[in-house]
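Let the hints inform the model, and build the full structure from the sequences given.
There are 2 protein chains.
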Amino acid sequence: MADFKLDSRLSADTIAIGDSGLCRLLLMDDSRFPWLIMVPRRFDITEVHELTPLDQTVLTFEIAQVSEILKDITGCKKINIGALGNMVPQLHIHIIGRNEGDIAWPGPVWGAGKSVPYDEKTMRTFIERFSSALQQAS
Amino acid sequence: MADFKLDSRLSADTIAIGDSGLCRLLLMDDSRFPWLIMVPRRFDITEVHELTPLDQTVLTFEIAQVSEILKDITGCKKINIGALGNMVPQLHIHIIGRNEGDIAWPGPVWGAGKSVPYDEKTMRTFIERFSSALQQAS
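Just so you know, the sequences run in chain order A and B.
Taking UniProt numbering, I'd label the letters of the first sequence as residues 1 to 138.
Taking UniProt numbering, I'd label the letters of the second sequence as residues 1 to 138.
Because the hints were derived from the structure by calculation, they are not lab data.
It should be emphasised that the depicted structure is a prediction, and the values quoted were computed from it without experimental measurement.
Fair warning: there could be bad hints in the mix.
Cβ-Cβ distance ranges computed for the label pairs, FRET-style [to be verified]:
# : chain 1 : residue 1 : chain 2 : residue 2 : range
1 : A       : Asp3      : B       : Arg41     : 39 to 45 Å
2 : B       : Pro53     : A       : Gln136    : 15 to 21 Å
3 : B       : Phe4      : A       : Ser131    : 32 to 38 Å
4 : B       : Lys5      : A       : Asp29     : 40 to 46 Å
Don't be surprised by glycine CBs; every beta carbon is placed ideally from N, CA and C.
Below is the structure:
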C-alpha cells in the first residue's frame with residue numbers, strides 16, 4: 001500500500017499541529033475562526049465510507065475528542081463539522097468553533113470572504129493550548 | 001429522560017423517510033440536490049460529542065451506510081457530510097450527493113439560492129429507491 005501524503009493545497013492553507021492516532025491535525029491559517037482540519041493518514045481515500053469500519057470508529061472518537069477540546073478552550077457556542085472535499089478530494093474533516101456574530105454566522109464558513117492569516121504569536125499560543133489539552137485528554 | 005421530538009423547522013423543510021436504528025431519516029424538500037438529513041432520536045443533544053460513545057459509533061456506521069447508498073443510487077461524484085446546527089440546534093447531520101455543475105458546485109449547498117420543492121412523483125420514486133436499497137443493506 002502506498003504511503004499517505006498530505007494534499008499540497010491542504011498543506012498550503014494550514015499549519016501542522018501534529019498527529020493523532022489516525023489523523024494529521026492541521027490548523028487552518030484563518031484567524032477569523034478557530035478552525036481545525038483532520039486528515040486520516042490513509043492512502044487514496046475520498047469518502048468516510050471508504051475507510052475500514054475500525055478506522056471509521058477511531059475517526060469518530062477523534063472527531064468527538066477534538067470537537068470537545070475546541071469547544072472547551074475557545075468557549076465557542078457551536079461546533080461545525082464538515083467533510084466536503086469538492087475541491088480537495090483527499091478525505092479531510094473540518095472542525096470549526098462558531099459564535100454568534102462571527103463573520104459568517106449563521107451561515108457556513110466555506111466561501112465566506114477571504115481568510116485572515118494568524119500572526120505568529122497568536123498561532124503559537126493557540127496550538128500550544130490545543131496540544132496541551134489534547135495531551136491531557138489522551 | 002424526556003422523549004425525542006423532531007425540531008419543527010427540520011420537520012417543515014423535509015419529508016420523513018423512516019427510522020434507522022438511531023436516526024430519523026429525512027429527505028430535504030429540495031430537488032436540486034439528493035439531500036438527506038439524519039437526526040439521532042435522542043433528547044436535547046446539540047453536538048456529536050454529547051452522544052454516548054455507543055451512539056457515536058452507531059451514528060458513524062449509519063452515516064457511512066446512508067452515504068454509500070446515496071452515492072450508489074444517484075451516481076453522484078462526491079458526498080458532502082455536515083453537522084452545523086447554527087440555526088437549528090437539535091443535532092442533525094446533512095448527507096448530500098454532489099456533482100460537478102450542480103447549482104452550488106464546488107461550494108457548499110447551505111445558503112446557495114432557494115430550494116426547489118420536489119414534485120410528488122419524483123419524491124416518491126426517490127424515497128422508494130433509497131428505502132429499498134437501505135433495507136437490502138441492513
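Hints and how they fare:
1. As the Cβ distance of Asp3 (chain A) to Arg41 (chain B) is approximately 41 Å, the hint placing it in 39 to 45 Å holds.
2. The beta-carbon spacing between Pro53 (chain B) and Gln136 (chain A), approximately 19 Å, falls within the hinted interval of 15 to 21 Å.
3. Distance hint check for Phe4 (chain B) and Ser131 (chain A): the Cβ-Cβ separation is about 37 Å, which falls inside the suggested range of 32 to 38 Å.
4. Judged by the Cβ atoms, the range 40 to 46 Å given for Lys5 (chain B) and Asp29 (chain A) holds: they are separated by roughly 41 Å.
Checked against the numbered hints listed earlier, the structure breaks none of them; every hint is satisfied.
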